[in-house]
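**Q** I would like the entire structure built from these sequences, with the hints used as guidance.
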Amino acid sequence: MRYLPKSQADRETMLREIGAKSIDDLFAAIPAEYRLNRDLNIPRQYAESEIVEFFRERAANSAQGYATFLGAGAYSHYRPVVIESLVSRGEFFTAYTPYQPEIAQGTLQSIFEFQTMICELTGMDVANASMYDGSTGAAEALMMAARVTGRSKCAVASTVHPEYREVITTYSRYQGMPITTFGYAGNGRIDLDTLDMALDDDTAGVLIQSPNFFGTIEDVAALADIVHSKGALLIVSIAEAVSLGIVKPPTEADIVSMEAQSFGVPLGFGGPYCGVIATKEKFVRQMPGRLVGETRDKQGRRGFVLTLSTREQHIRREKATSNICTNQGLVALMCGIFMSVYGREGLKELATQNLAKAHYAAEQFKKAGATVLFDGAPRFNEFVIQTKTDPYTINDKLLGERIIGGFPLKKFYPEFENAALWCCTETTTRASIDAAAKEVAQ
Amino acid sequence: MNPNAKIKKATTHISQNEGLIFEKSSPGKRAYKLPPLDVPEVDAAELLGERAREDLGEMPEVSEIEIIRHYTRISTWNYAVDHGMYPLGSCTMKYNARVNEYVARLMGLAEAHPYQPERISQGALRILKMLSEQLIEITGMDAITLQPAAGAHGEFTGILMVRAYLESRGNPRKKILIPDSAHGTNPATAAMSGYSVENIKSNSAGMVDIASLEAQVNEDVAALMLTNPNTLGVFEQEIHKIADVLHAKGALMYMDGANMNALVGKVRPGDFGADVMHLNLHKTFSTPHGGGGPGSGPVACKKILEPFLPAPVVISKSDGTLGFDYNRPKSIGRVRMFYGNFGMHVRALAYIMANGPDGLRQTTEDAVLNANYIRKKLEGYYDLPYSTPTMHEVVFSDRKQTPKGIRTGDIAKRLIDYGFHPYTVSFPLVVPGALMIEPTESESKEELDLFIDAMKAIAEEAEQDPELVLTAPHNTRISRLDEVSAARKPVLRWKPQTEAVAK
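The listed protein sequences correspond, in order, to chains B and U. For the first sequence, the numbering used here assigns the number 1 to the initial residue and increments by one for each residue that follows. For the second sequence, the numbering used here assigns the number 1001 to the initial residue and increments by one for each residue that follows.
Just so you know, the hints here were simulated from the structure itself, not pulled from any lab data. Note that this is a predicted model, so its numbers are computed, not measured. A portion of the hints provided could be inaccurate.
Reference listing, derived: stretches of chain U covered by chain B, where coverage requires no fewer than 3 residues with Cβ under 8 Å from a Cβ of chain B [said to hold, decoys possible]:
#, segment
1, 1058-1064
2, 1096-1102
3, 1291-1304
4, 1342-1354
5, 1415-1423
6, 1437-1443
7, 1480-1491
Backbone N, C-alpha and C fix where the C-beta goes; we use that ideal spot for every residue, glycine too.
**A** Now the structure itself:
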């Protein structure tokens, strides 16, 4: 086996030194009746060339070379090649969690920079070293709100990504944390009256998403006023991180729960992605997940360490803020490199291109006869259109042109007949928009 | 005495200094170029109104070469599996095969959107299906979900399934039993799932004490969370009795699969009575640790728990194609959006294929051989609190060194000077001053001997020159960091100098 660095002679020498007759001696602790006395029933050992061939075939059978209008929580942005060059360095990807700071400063410093960039973009004071993803991060943010306020109930907007809401349902079930859902108004934004009705004196946290699942940007300041008047915390979930390049950050929120996949992380059929929780300084001790802090060594040199770990499971066990152990280290690194590449000017330019493409597409679809729903409210790079034809039929036709159409909303929102969520990024070409508009027209 | 005289594996070399990326920033530098916009330009202020953003604050402005050098320089400050042995106990720091990285980046897989139609996702679905089938065979279980994003996330999923199963039988019960040697995630998971935690003690052999287990198991117990081999590296020899005691009272056995690297191809948890377990693909199945993640924590279970698996699950449809089944009325629901960390699933499958049944068995045998070799060679130099046979990891204590004031953490720091990453320090909690060593199968005899020599040399230094050990590491670019003030006055982000001075 080519990954194993031992000759048979090495093994025999070692067994002799141990004083074992054969390798079986070392497995004697396992009761004989449970030992597996046969080969595992899995395929034989493959050569590297066969493995590559196998996965090439699978890849060729997975929508290779399609233009896509899918967003809905996973966004197709261009990934600068320096990202792969750098994360492919063994020093990064074959390192463990940086518990030994003297020999992990590379990972620690890159996370500290990541935390800083997330703070700059979200307008929050502190950000953690990442969570599994946006959906679990949103659930953890609600649990955090319950700890901060000492209250138990949470309210979630129906315009939060439906799969995030499913995860929240699972997470909250046995935590004594009832969840109520509140709806949206005709302009696709949160209906302030139903929000108001959903809150009471025991509401710990209110979760909204902006841009929301329909692509509409919420009036965060107005929502914050209502939520804060009830003594609850406002949590803003951001699923499309690139929006932060051109959309005002939700500084009025108490917690921002973000999915940073848009920052240079491959779509990868849904993972691994990169959740992040950012918040105000005063709430940091109730935050879940790893945090990197700056400190000094004995000679006064700057260095970084994992800090405030008394919140975490390996110290506090059942009293921890979460059972979370890993973060998304390498994925956060991808995000950090992406944010460095685009930086202060580039993220704005990139976001503006997204805005322009989506605006153009919406206009073309309107001209073609589709109705753009929620057209009155501001939006970023996603929008909902209603068509005369069933969106699945439209998408079937587009597939023939190697275009993946918008996401039919009926799966999650049965109130919408023939509506679909379309997304345009900087990678969407005018030609594919025009081609899609033609099908939408029919 | 020259403090470096016995260090064989490492030497000091020029290490580049590097500031923070923000400290290299100046207006006008850039590392990007967008293509010309092929649609009409828009006025953001007009489209977004008062939600339009003016400024991106202190985001860096740097060029491409600076980015490459920045990250390359700081990367050289990390120790990694690619540098050498990484003997962290219970972490299974094995070789991360390059072909895994290559295939995970193939365009059709890396660029697949999770909501693209199933009929153009057959390749990705086939990967999920194949990995599921192979992990089921490896664990001896009946069904599996690949959705959990990490080990602790898998624990949460598994315990929720236990709870849903017990609820379906009328009583979710109240508590989870957890051995005192368990990982901290176990009790934290039980708490998140609405259970109270009751600890069970180990006996003098480092195993679950059957008599006290029998006394503790009653109709209030939902499950026992058991790591096997446990964190002492000891196989629970009476595992079948443990399962029997639990099952007799209607409780289930949850197995924490963190230490599966000791078992693959040799024994299957499904055969010795485990009802549900998680795997850590980033440990046993070689997906890289990435400096702290991403992980992946599939949960395998017996037939009785299958209806409660998270939705969706991959199924073969009547037309022969693969698809997702969302219609799972008894499911605990989703634990993560989409289908889990697919990129890790690709890598794990590539690892299993590269090994085959013979390779996986040899891997396990080598991992156990390496741990026993270290144990044999270091016995006498370090205290061995449990003489029970060792599987894939061995736990020593610092008892021989404490009379000189030297603790496990000091030995670990000195090991850094010798060119190794430390072992796991002060865990498991049942061993005061623990040194928990897991070499994995990826070490050659030469590397193991270097490690053993280093550990012996440090034991000698502890006797003859304790100060040298207490003040280690000496050869790193920075010395021990002030973790106390880092926690007392947390500085969790960079701020521009001028602002700091103004304060």
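**Q** Is the listed coverage of the segment 1480-1491 of chain U by chain B valid when you require three or more residues with a beta carbon under 8 Å from a beta carbon of that chain?
**A** holds (count 9)
**Q** How does the coverage statement for the segment 1058-1064 of chain U fare against chain B, requiring three or more residues with Cβ below 8 Å from a Cβ of that chain?
**A** Answer holds; 6 residues pass the 8 Å Cβ test.
**Q** Take the segment 1096-1102 of chain U, compare each residue's beta carbon with every beta carbon of chain B, and decide whether three or more fall closer than 8 Å.
**A** It holds: at least three residues are needed, and the segment 1096-1102 of chain U offers 5 whose Cβ sits within less than 8 Å of chain B.
**Q** Are there at least three residues in the segment 1437-1443 of chain U whose beta carbon sits under 8 Å from a beta carbon of chain B?
**A** holds (count 3)
**Q** Check whether three or more residues of the segment 1415-1423 of chain U sit with their beta carbon closer than 8 Å to a beta carbon of chain B.
**A** Held - the segment 1415-1423 of chain U has 3 residues with a Cβ nearer than 8 Å to chain B, which meets the minimum of three.
**Q** Closer than 8 Å, Cβ to Cβ, for at least three residues: run that test on the segment 1342-1354 of chain U against chain B and report holds or violated.
**A** Three-residue rule met by the segment 1342-1354 of chain U, so holds; n is 8.
**Q** Confirm or reject the coverage of the segment 1291-1304 of chain U by chain B under the rule of 3 or more residues with a beta carbon closer than 8 Å to the chain's beta carbons.
**A** Satisfied; 6 residues make the cut.
Checked against the numbered hints above, the structure violates none of them.
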